[in-house]
Amino acid sequence: MATISRDEVAHLAKLARLAVTDDELDTFAGQLDVILQAVAQVGEVAAVDVPPTSHSVPLTNVLRDDVVVPGLAREDALAGAPDVEDDRFRVPRILDEE
Amino acid sequence: MSSASSVTRMTAAELSRALTAGEVSAVEVASAHLDRIAEADPKVHAFLHVDREGALDAARRVDAARARGDELGPLAGVPIAVKDVMATRGVPTTAGSKILEGWIPPYDATIVTRLREAGLVILGKTNMDEFAMGSSTEYSAYGPTFNPWDLTRIPGGSGGGSAAAVAAYEAPLAVGTDTGGSIRQPAAVTGTVGAKPTYGGTSRYGLIAFSSSLDTPGPCARTVEDAALLHAVIAGHDPMDSTSIPAPVPDVVGAARQGATGDLSGVRLGMVREFAGEGAEPGVAAAYRESIEALIKLGAEIVEVSCPSFKYALPAYYLIAPSECSSNLARFDGVRYGLRTGDDGKHSLEEVMSLTRDAGFGPEVKRRIILGTYALSAGYYDAYYGQAQKVRTLISRDFAKAFESSDVLIAPTTPFVAFPLGSRTADPYQMYLADLFTIPSNLYGGPAISVPNGLSEGLPAGLQIMAPTMADDRMYRVAAALETAIPPLHRPEI
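Here the protein sequences come in this chain order: A and B. Here the numbering used here is used: the first residue of the first sequence is 14, the next is one more, and so on. Here the numbering used here is used: the first residue of the second sequence is 1327, the next is one more, and so on.
By construction, these hints were calculated from the structure, which means they are not laboratory data. Nothing here was measured: the structure is a model prediction, and the numbers come from that model. From the three backbone atoms N, C-alpha and C, an ideal C-beta is built for every residue, glycine too. There could be a bad hint or two in this list.
Stated by the list, open to error - Chain B is faced by these chain A residues, among others (derived, beta-carbon under 8 Å):
id, residue
1, S18
2, V22
3, L25
4, A26
5, L28
6, A32
7, G43
8, G56
9, P65
10, S67
11, H68
12, R77
13, A92
14, D96
Make a model of the complete structure from these sequences and hints.
Written as structure tokens, this is what we have:
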């Protein structure tokens, strides 16, 4: 049942913001097909009435007291950035010019 | 002072006694290990970064504190290697990826904070499969680590660097992370001890996230007692991690020492029927059977248990973990840290992100992001991710039922011994099979440990002991008992 086409892989890569090359698409499409066919075995399990487990720790709504504590200094937070301008992260243009 | 080579052969427990007795200084211990790294690591490539100055500074501080008469923890002055997935303030951290090349974290992971506070001396950062995705360390963007037992073979993964560093006497201890077996499988194939604590028993704060519902940091060592000593340092509630369990840490050190008496009277070992030989190569299956005989001689009772859903653990894992990673790795977008590619004024932000991620991620990471994106997408969610989460429930029920008749479960750690470099990279699913026996404990959340249980065709095999959630002490007791019954490994000279 689980087969995936080269076009589907290209679409998923675009959704995942991966500018994959044609060569990568050729390789991944075949490999992902093998992997998907294997993982599709989960479909054999009769589990209609079984609740899903997202997490093994039965904790919910873990909150802390609303107390201000020091965070990262600005220069520390910016120290690893690829580009910084005026104490901010600089990014390429987001909106096209009219 | 002891000679440098005898210092590097000592266990953490032996180093602790020698340091406390003043027979050796922390600076001497650190220097001996740094020299050993300089000697062995050109062949093994366990380390991505060696922090010589940082290690010697930390050692000097321990020696000064000891000279002042300060109260010190048992592992103060003992060196340790840290998997490169943990943020270390001021020390490069890459998670084995080009996308983080040169990144220097501005903070410490909680695990690292606890190591520093306990006086452990951080030698450096160890190699790993990129973002901890892999079973051989071949997916590191910085080249593979080589198994000290045979330099043409893999050291396991993702934490192959941490396991190889310990196996090659470059460090007595290391920390790793285990999402589907990344501590235990490398331990098995390098003849070392590796433990995955209860999920939530060790903090994830400051780990570079792969699969948040599974990621669990834990100890790597050459002996069970050493692993327990390190476990006791790193475990315990952390308010910075919302899935950290607010409960006392089981007495793992006491349990390991109890087990070392070699008495397992009254302990019921559940032999997982589905894992008894199936899928394991003959030498690994033989080592497993011999371990069972040894454990019976120590007084343990063997109970056969059936865990029918375990056969779906691997497929469920390879849906859940990629789904979580496709979300977690969205943060690597070339904005706040790491690599940025294509920012030449001609590309939009979205194009720069896509170019950055294609240039910065390796093939296995891309495969898993695409797979996870698929499993979570509309129309496929129920059949894949949703169904995998239901299988996860059934696996936990199998564990619960098995623990009604047994105290711990036992199985081989991994189906095969260290395989030759390059033999499984072309077929990703063949690589995934290395985690066949380790994944169930990750999906369930309970602790599991791998201990050496002899050789198969001259290469180490591992026995895995799985315990109920928060019963980490039980697995240490059984592991330490087995250690007394198995002849010590003669590690090859590097």
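Here's how the hints hold up against the structure:
no., hint, result
1, S18, "12 Å, violated"
2, V22, "6 Å, holds"
3, L25, "5 Å, holds"
4, A26, "6 Å, holds"
5, L28, "6 Å, holds"
6, A32, "4 Å, holds"
7, G43, "10 Å, violated"
8, G56, "6 Å, holds"
9, P65, "3 Å, holds"
10, S67, "6 Å, holds"
11, H68, "5 Å, holds"
12, R77, "6 Å, holds"
13, A92, "6 Å, holds"
14, D96, "7 Å, holds"
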